[in-house]
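So the chains spell out like this:
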Amino acid sequence: GPKVLQIPSHQIIDMGQMVTLNCDPVSNHLYFYWYKQILGQQMEFLVNFYNGKVMEKSKLFKDQFSVERPDGSYFTLKIQPTALEDSAVYFCASSSGTGGYEQYFGPGTRLTVL
Amino acid sequence: AQKVTQTQTSISVMEKTTVTMDCVYETRDSSYFLFWYKQTASGEIVFLIRQDSYKKENATEGHYSLNFQKPKSSIGLIITATQIEDSAVYFCAMRASSSFSKLVFGQGTSLSVVP
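For the record, the sequence lines run as chains P and L.
Following the numbering used here, the numbering of the first sequence begins with 1 at its first residue and continues without gaps.
Following the numbering used here, the numbering of the second sequence begins with 1001 at its first residue and continues without gaps.
Hints are computed from structural coordinates only; laboratory data are not their basis.
It is possible that some hints are incorrect.
Unchecked claim - Simulated pairs of lysine-lysine, DSS-like, Cα-Cα distance not exceeding 25 Å:
1) L:Lys1070 / L:Lys1016
2) L:Lys1003 / P:Lys62
3) L:Lys1003 / P:Lys57
4) L:Lys1003 / P:Lys59
5) L:Lys1003 / L:Lys1016
6) L:Lys1016 / L:Lys1055
Since the model is a prediction, treat every value here as computed from it, not as a measurement.
Given only the sequences and the hints, what does the whole structure look like? Please build it.
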């Protein structure tokens, strides 16, 4: 199926530092998402992004979080500053915006905040 | 608010048998979409199948099929002729038409297929 790429696969940083998670969505997709999964739990929606704008975000998408996709490059999630509770696996997803809007997920970035 | 519930934490079945995984959902929307994904041991999340709420026919995709019971707000996943490589965590998810496109996930069911 369609492939979403995420870089890096694992990131370890100290609390208070800034981190940027990168996502390369499926080439013709228009809608982009970030989800957070704490070990052993379900995935939880953070934010979706379309046409250069945040369309919807959850309570988990704190003020320290931001997303952008400058000039069709990577779709990024930036956390500044990071907190211990930000440790999780972050999944990027994209969808074409047709049909049921099924989303295709990347392999995830495991973020460890020390 | 939408909610998705999977009460089966884990299931173990013999290879080549059929397994059903349960999922119930809550939404006030009259139109919605239901999805099943699987998460492999490596963490990869794979889209399996989708059911549109306005369709009466159960969706099928390869050896995956759905048992959609709208009056019960239930969407079961049926896997026939299970294989060892079907071992994974299966997540049910919903997108309500009133939501721009966020998915609400259930807690997941861990499936083990043994020889």
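Evaluation of the provided hints:
no., hint, in the structure
1, L:Lys1070 / L:Lys1016, "violated, 29 Å"
2, L:Lys1003 / P:Lys62, "holds, 22 Å"
3, L:Lys1003 / P:Lys57, "holds, 17 Å"
4, L:Lys1003 / P:Lys59, "holds, 16 Å"
5, L:Lys1003 / L:Lys1016, "violated, 32 Å"
6, L:Lys1016 / L:Lys1055, "violated, 29 Å"
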